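Chemist: Spelled out from the first residue to the last, the chains are:
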Amino acid sequence: MSSQLVRGIFLALISAVIAFPVGHFFVEWAGWTIFCCGLGLQMLFHFRNFARLDQWSKAPVVDSSLEGEGAWDGIFGRLYRHEKDLRAQIASRDDQIARLFAAIQALTDGVVTLDLHNQIVYCNSTAETQLGLVLRTDRGQPIVNLVRQPEFVAYLDTGDFTRPLTLRSERGEDRVLSIYVLPYAGTRRLLQIKDVTQSDRLDSMRRDFVANVSHELRTPLTVLSGFLETLQEYDVEREERTRYLSMMAEQSSRMESIVQDLLTLSSIESAPPPENDPVDMVNLLDKLRRDAEGLSAGRHTIVVETDGQGDLSGSEPELVSAFGNLVANAVRYTPTGGTVRISWKASAKGAEFAVQDTGIGIDAKHIPRLTERFYRVDRGRSRDAGGTGLGLAIVKHSLNRHQAQLEIKSTLGVGSRFAVHFPANRVLGI
Amino acid sequence: MNDSQHLSSQFDDDLSRLRTHVLQMGGLVETQVSAAIEAYETGEIASVKTIVETDRKVNELEKAIDDDCAHIIAKRQPTASDLRLILGISKIVTDLERAGDEAKKIAKSVRRIYENGHLPSQYGVGIRHLADAALVMVRQSLDAFARLDAELANSVIRADSAVDAEFKSIFRQLITHMMEDPRTITTSIEIVTIARAIERIGDHAKNISEQVVFIVEGRDVRHTKEKVQ
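Sequences listed follow chains G and L, in order. Here the first sequence is numbered in my numbering, starting from 1 and rising by one per residue. Here the second sequence is numbered in my numbering, starting from 1 and rising by one per residue.
Source of the hints: derived by calculation from the structure; they are not laboratory data. Just so you know, not all the hints are guaranteed correct.
[Claimed, not checked] Computed Cβ-Cβ distance ranges for the label pairs, DEER-style:
hint	chain 1	residue 1	chain 2	residue 2	range
1	L	T193	G	V304	52 to 58 Å
2	L	N59	G	D115	30 to 36 Å
3	L	I185	G	V303	33 to 39 Å
4	L	D164	G	S267	55 to 61 Å
5	L	E53	G	P423	55 to 61 Å
[Unchecked claim] Restricting the straight-line Cα-Cα distance to at most 30 Å, the calculated cross-link-like pairs of lysine-lysine (DSSO-like) are:
hint	chain 1	residue 1	chain 2	residue 2
6	L	K63	L	K105
7	G	K349	G	K287
8	G	K345	G	K287
9	L	K168	G	K365
10	G	K365	L	K105
11	G	K365	L	K57
12	L	K91	L	K57
13	L	K108	L	K63
Please read all numbers here as calculations on a predicted model, not as lab measurements. Note that CB positions come from ideal geometry on N, CA and C, so glycine has one too.
Input sequences plus hints: build the corresponding full structure.
Modeler: What follows is the structure, given as structure tokens:
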């Protein structure tokens, strides 16, 4: 800086040195003019640089347009670098913020941030679908204007957020949401929304299961104890007594089969993964056909469709029982004269075992729940048909253990198709 | 939200609080309607009592909001869009209150049906479907009001004719039932009452949407054939 001062003084001195002899030896005003011109030139030089700075500062652009001369060059350089650093910093911050928002967007939980007046500041796309918000238009809107359920409004009003709020979402399909309100940055609020539909369903399934087991076991038990009482208190004739006893035997064997199925289910659930023994499908299909014919006793047409290609790897007893169950169901729920078609098709992509019947069919609304324990489409009918209500649950578990998918298609009154899809690594001999 | 700010920010606060109150009332009515339909489906008569009681709260809200509107008009002498907003709101609450009444009516019909020992599901008519359509209309009309979205409001107005048509088909179906088996007449008539109430709820949603169009665009689209472009 001081060198610049020295330089300024030096230039002024030079003009003085030139001006002085001129003023002294010729005319005095000419000398002054030359001196003023010298100073004026210096001023012009500074003004030009100043004008450049002025121009640039109005719209600072980071390119090479800011170049100064002399003393100004250093200043311009530093300004330029400062601006450039600032911009780089802003860009990297923007980048970080964008990544942060992208991370929030990627969350499978819904996130909504609210300001002091419960107005929406930000929400991610999960929250948009969960609550039916549109961030683009709803920013600044009080959240209670859009999520209007009275429970939610009351929950926000109480200010007691120790327990999450469970809310049944009315938008879209029937979802159960669990909403946590977390305070952050002082008095601001963040809503975290979890979709608990699945666990809610599991909870109710568990509750239903216990109730169902008790109910299923109590029914035959009531019959048993009723007959026992009768036999104890009254003198019944021999013939009547035999009839009672056979009914009691029937009920007790029913209880036994329920308990047996429950044990099978729990043993499948806790068992280690199935062994990978080769299962000869030609043999298995033949056995299935014979069993089906036995059960049908000539009332149905049983057809097996296969090219004999491909075998399965897995636990033979489990697969036999699962397939057998599907076939038995088809026979049971198909009226006399119907057809049960068993098919097996294997390729390099995987294999499909299917049982198709021309039976009574299943209403679409029952299909998703069909493999639940004790789920019955028609209570009376399936019990008459001798089911325990656990068959398909066992089938599904055994198939899951073989990484197979059960696909059910059905039309009421036309028939059903139960298809099992095995992944390629379970198929042998292709 | 209105982008324009008033000199008095108190006025802005008043208006936004009023809107929020209207939407709270709307939320209550939505819940009432879906609870009534739920009761119809499940036959849980216990919830009918709650619905009838909650309807009183809806009525109180209507009175309170009307009162607020009168206060704002008297105190602030609103003009232009603010005036339209307040005029619109005072009509919207009337429609909301009526929709709440229809929900109560449904609940009471449900109670009568189940008390007579009938199961409406045996009649196999598309009440659920009709109710879902009407509920979506109510929800969308309130969304349109919250967002001042005239386009959404117009789509609700258009949807009403579908609900009307569905009501008529349910009505015809029930007439057939009644002619086939006169024993079903009592229950069928109750179901007609329910279907009619649901159809009315759709009409109220349409009215609300018409008010939203009025608030946003200043056009009165009631009772006009070419109301929707």
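Chemist: The structure should be examined with respect to each hint, and the outcome stated for every one.
Modeler: For each hint, the structure was consulted:
| no. | hint | verdict |
| --- | --- | --- |
| 1 | T193(L) with V304(G): 52 to 58 Å | holds (56 Å) |
| 2 | N59(L) with D115(G): 30 to 36 Å | holds (33 Å) |
| 3 | I185(L) with V303(G): 33 to 39 Å | violated (49 Å) |
| 4 | D164(L) with S267(G): 55 to 61 Å | holds (58 Å) |
| 5 | E53(L) with P423(G): 55 to 61 Å | holds (56 Å) |
| 6 | K63(L) with K105(L) | holds (20 Å) |
| 7 | K349(G) with K287(G) | holds (26 Å) |
| 8 | K345(G) with K287(G) | holds (17 Å) |
| 9 | K168(L) with K365(G) | holds (26 Å) |
| 10 | K365(G) with K105(L) | holds (29 Å) |
| 11 | K365(G) with K57(L) | violated (36 Å) |
| 12 | K91(L) with K57(L) | holds (18 Å) |
| 13 | K108(L) with K63(L) | holds (24 Å) |
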